[in-house]
Amino acid sequence: MKKIYDVVVIGAGPAGLSAAIEAKKSGAGDVLIIERNNEPGGILLQCIHNGFGSVIFKKDLPGPAYAWNFIEQARSLNVEMVFDTMVVDITGGRKIYASNSVEGFIELDAKAIVLAMGCRERTRAQIMAPGDRPAGVFTAGMVQRLVNIEGYMPGKNFVILGSGDIGMIMARRLTLEGAKVIKIIELLPYLTGLRRNYVQCLQDFGIPLELSTTIKRITGKKRVEAVETVGVDETLTPIAGTERVIACDSLILSVGLVPENELSRKAGVVLDPLTLGPVVDETMATNVPGIFAAGNVVTIYDLVDYVSMAGATAGISAAKFAAGAPVSPPAFTLTPGDGVRTVMPQKITGLSGPDASVLVELRASREFAGRVSVNILEDENIVYSHVEKYARPAEMITLKINWNETAKKLSNNKSGLKVNIAKI
Amino acid sequence: MEKKFICIRCPQGCEITTTLDGLGAITDITGNSCKLGIDYVKSELSDPRRTITTTVAVTGGELPLCPVWSEKPIPKDRVMEAAAVIRPITVAAPVDINQVICENILGTGINIISSRAITKGGQ
Ligand SMILES: Cc1cc2nc3c(=O)[nH]c(=O)nc-3n(C[C@H](O)[C@H](O)[C@H](O)COP(=O)(O)OP(=O)(O)OC[C@H]3O[C@@H](n4cnc5c(N)ncnc54)[C@H](O)[C@@H]3O)c2cc1C
Ligand code: SF4
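Chains A and B, in that order, are what the protein sequence lines are.
Numbering (my numbering) for the first sequence: 87 to 510.
Numbering (my numbering) for the second sequence: 2 to 124.
No lab work stands behind these hints, which were simulated from the structure alone.
Be aware that a few hints might be false.
For each label pair, taking beta carbons as the anchor points, the in silico distance ranges come out as [stated by the list, open to error]:
#1 S187/A to K5/B: 17 to 23 Å
#2 F191/A to S44/B: 54 to 60 Å
#3 F191/A to L37/B: 51 to 57 Å
Since this is a predicted model, take the numbers as computed values, not measurements.
For every residue, glycine included, the Cβ atom is placed at its ideal position computed from N, Cα and C.
This is chain A alone, in the form it adopts within the complex:
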């Protein structure tokens, strides 16, 4: 390892790999990826199911096969990668502190940094399921890792709390391995994952889904013996008398993902309270000059293809910064309006060249059953509009905007723009 690099990428998942590849292709000389796992690929290595690559490769690949394409490219471009190495601190001045068992404590300087640490799962503490604390309560990602990488089946009879994608995917996986998935229960009155996963993971295998239901209690001395479920009303309040006891030896929590931003905070990167990731502009620059971010560390994506694209953008921007290109301050802010829960990027410089295409990723705040228009507004003036067949909080909406065209419609010289979703 050198002492100073043009671009240092933290995390070798799809976002980090694309960032490093594109930084190299954009002329950065020394590019390093630091990864705490023992190999590149990130979470994709445990996502052995297909469904990856529909946008970039027009193919339906398993996670590891999708990652493979990028790992090979990074290797052939001589991107330096260090494994089993954990970044423990970064500073606003772009110093990186890491440690591993061979070199011990490592200190490096980076001309530019790309944050690509991905996300972690919400856990039991965060959802506060009451009752005993026996063994047999897992997060869906833990089970995915145990079953798909370590070859260890953690139970026989499973109940899954939460209808997120990883939970549904694991319901199918456990069934294929011969375990019994009794049911999936969901607090909200709607599915929180993709409907295709409901069809191919639950319906195909006859696994029941119970909406508007939660866990009241977990029982068991050493190991989970049963869970008690209870129905909830529209205000998510438990309805007395609807309790049911289900005997099982394992409870899986699939209750959502949170961007992993301990390091970002230490470097003084400003986080968006809604996405829980860094506030970025369309070049994937954070508020700290020379620190860029991409992937699930910024906002939780549905499609890895868009993670790779954001990584690529971050890599190009980092290489430019490392080469001394001037920083363009953001000219506009994008904030969620009616019907929108999160929007990323939150800032726009509007200076990214002649065909300035900007990818905006947003999530609806509620279900819209029929056709909707997704609009960008300057006061009441619609400067961009896109029609979707429906909008659901579970499914991210990606807008590909030609910013030059959009900017022509701005009349009031306003810098604050809103994004809303309106029924048609």
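Please arrange chain B with the ligands on chain A, whose structure you already have, making use of the hints.
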């Protein structure tokens, strides 16, 4: 008769409504955003298929398992049967990506292949 489907060919998950005549032939399809949706509904009605993804044990490798998948979708009602055939398979490291792990699964003409490489090592 009307029949509803959720297309699983891409994450958009279009809700597709088909109208069938008395003989089960399709007279109308609405709700699909692209041609793949029509293809999906036709195959769901005549020959539903799914891609199977699972793992096999590896001996002498850096990891104990190798993820595998059917290179093409296999008949949906044979997925559990295929899983049972694949479960006891063991391969020796090194494993290459796209290596055939089980040829012509259940006589479907479709191979089960690896979705990554596993080098020799550790274990
Ligand atoms: C448990 C889990 C299961 C998932 N399953 C699916 C799925 O089935 N299908 C799907 O489409 N999406 C799934 N996702 C979403 C998936 O994360 C994204 O599609 C995509 O992998 C995100 O890419 P990324 O590069 O942003 O993050 P990741 O792939 O998570 O990569 C982040 C990398 O950063 C490394 N890292 C983090 N912190 C440090 C540090 N301090 N020092 C060094 N290295 C560090 C991590 O080890 C990891 O390799 C899952 C996510 C999780 C958390
Ligand atoms: S119809 Fe086309 S766009 Fe809609 S889910 Fe199927 S493949 Fe995707």
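How the hints compare with the structure:
1. S187/A to K5/B: 17 to 23 Å: violated, 56 Å
2. F191/A to S44/B: 54 to 60 Å: holds, 57 Å
3. F191/A to L37/B: 51 to 57 Å: holds, 53 Å
Comparing the model with each earlier hint shows a violation of hint 1 alone; every other hint is respected.
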